[in-house]
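Participant: Each of the two chains sits in its own frame; use the hints to bring them together as a complex.
So the protein lines, in turn, are chains E and F. Each residue of the first sequence is one higher than the one before, starting from 1 at the first, in the working numbering. Each residue of the second sequence is one higher than the one before, starting from 1 at the first, in the working numbering.
No wet-lab data here; the hints were simulated from the structure. Cβ coordinates follow ideal geometry from the N, Cα and C atoms, glycine included. Watch out, some of these pointers could steer you wrong.
[Unchecked claim] Just a few of them, taken from the derived set where beta-carbon distance is under 10 angstroms, the chain E residues facing chain F:
hint, residue
1, H33
2, K38
3, Y48
4, F61
5, G97
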Amino acid sequence: EIVLTQSPTTMAASPGEKVTITCRASSSVSYMHWYQQKPGASPKPWIYDTSKLASGVPNRFSGSGSGTSYSLTISSMETEDTATYYCQQWSSNWTFGGGTKLELK
Amino acid sequence: QVQLKESGPGLVQPSQTLSLTCTVSGLSLTSNSVSWIRQPPGKGLEWMGVIWSNGGTDYNSAIKSRLSISRDTSKSQVFLKMNSLQTEDTAMYFCARSRLQYFDYWGQGVMVTVSS
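With the rest of the complex left out, here is chain F (with noise of 0.2 angstroms):
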């Protein structure tokens, strides 16, 4: 059975750094590629990136000067690391599974709230 967990601090101050985390089972993240995805309360979802299977990243390129994702294999991790945040950046933020078309297995997704 597959499953993804996002987990990570609820609340960041602004211009800090954002660090989440998406711990998978069922799925091995050596043969899966794993995507980000984020969605201001009552707006709609933005793809954030993915890093793929052989370890590569990909960024949309609205926020990749910000954003870098990395894994650790062994503890079936993907990371989201996301610098200056802002206001803006207050989201749901979402794991998923990327098959190369579209998103099969979701996270429950994390709430982030950028504030002072």
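For reference, chain E alone in the conformation it holds in the complex (with noise of 0.2 angstroms):
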């Protein structure tokens, strides 16, 4: 099984600041999905295929990596963006990254 381990756990950050999340496997993928939740809601598809945005995602959000290491970027952060974010990826099963909360600094 894949092991996804995302950093950081938390995190803060301004408006207007650029954000980043990293997500590594413990062995190769080909792609990485992200999934944006909010309390109370279940999650959303978010970056599908590494870097393709899901339908209503802001184009301030990009996903980029391959191999073991991929990341999710926020050019500029709103106040709307403030969620956990998870990244999961598909290798003959489906595992997800623990996470990372991302608030409002």
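Facilitator: Structure representation (structure tokens):
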């Protein structure tokens, strides 16, 4: 089973600040996918196939990476971006990272 | 419009069996795969298992011995049964449409508490 490790676990960013969340896989994966989850809601697909934005996702978000290292970047933090973000991979089965809680500073 | 909705008992006693239903609309189970995913309070997401469009199943090895997923295509329903429940099985349980690589449609979830 491939283990995904996200960092940081928690972070706070000011409006307008650049944010980067990383996800490291215990073995190489072909793609990484990301979800946004707000309290009391189900996760929403956010970035799929490493770098493709899901419908309705603002273009200040981007995804990149390859092999065992992937990242989600927000070019300019906005209040509505406060949430927990999870990375996820598929390689014979699905696994999720532990999540990164992004708060407003 | 694709929708998934979970239903089931909110409270289950320890050692008992959990039965949940995922009712889907806007898609056919014979051409779509559905997974169950759970999330303990304040914790992360755990994929539990999938029923493929052809009816085959795969399970998370950590819970495989306790888990069964089935479906009724005529009713557009997917079922989860998990036995020998313990307090650590307390979680929000989601069903989600499984594209091969990721999950693009999720239900609202159903909270299950394991307690006597």
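Participant: Run every hint past the structure and note whether it holds.
Facilitator: Against the structure, the hints come out as follows:
The restraint placing E/H33 at the interface with chain F holds, with a minimum CB-CB distance near 4 angstroms, inside the 10 angstroms limit. Checking E/K38 against chain F: minimum C-beta separation of about 13 angstroms lies over 10 angstroms; hint violated. Among the interface hints, the one on E/Y48 holds; its C-beta lies about 5 angstroms from the nearest C-beta in chain F, closer than the 10 angstroms criterion. The beta carbon of E/F61 is not positioned within 10 angstroms of any beta carbon in chain F (closest approach about 16 angstroms), and the interface hint is therefore violated.
Against a cut-off of 10 angstroms between C-beta atoms, the interface hint on E/G97 holds, since the closest Cβ of chain F lies about 7 angstroms away.
In this structure, the earlier hints numbered 2, 4 are contradicted, and the remaining ones agree with it.
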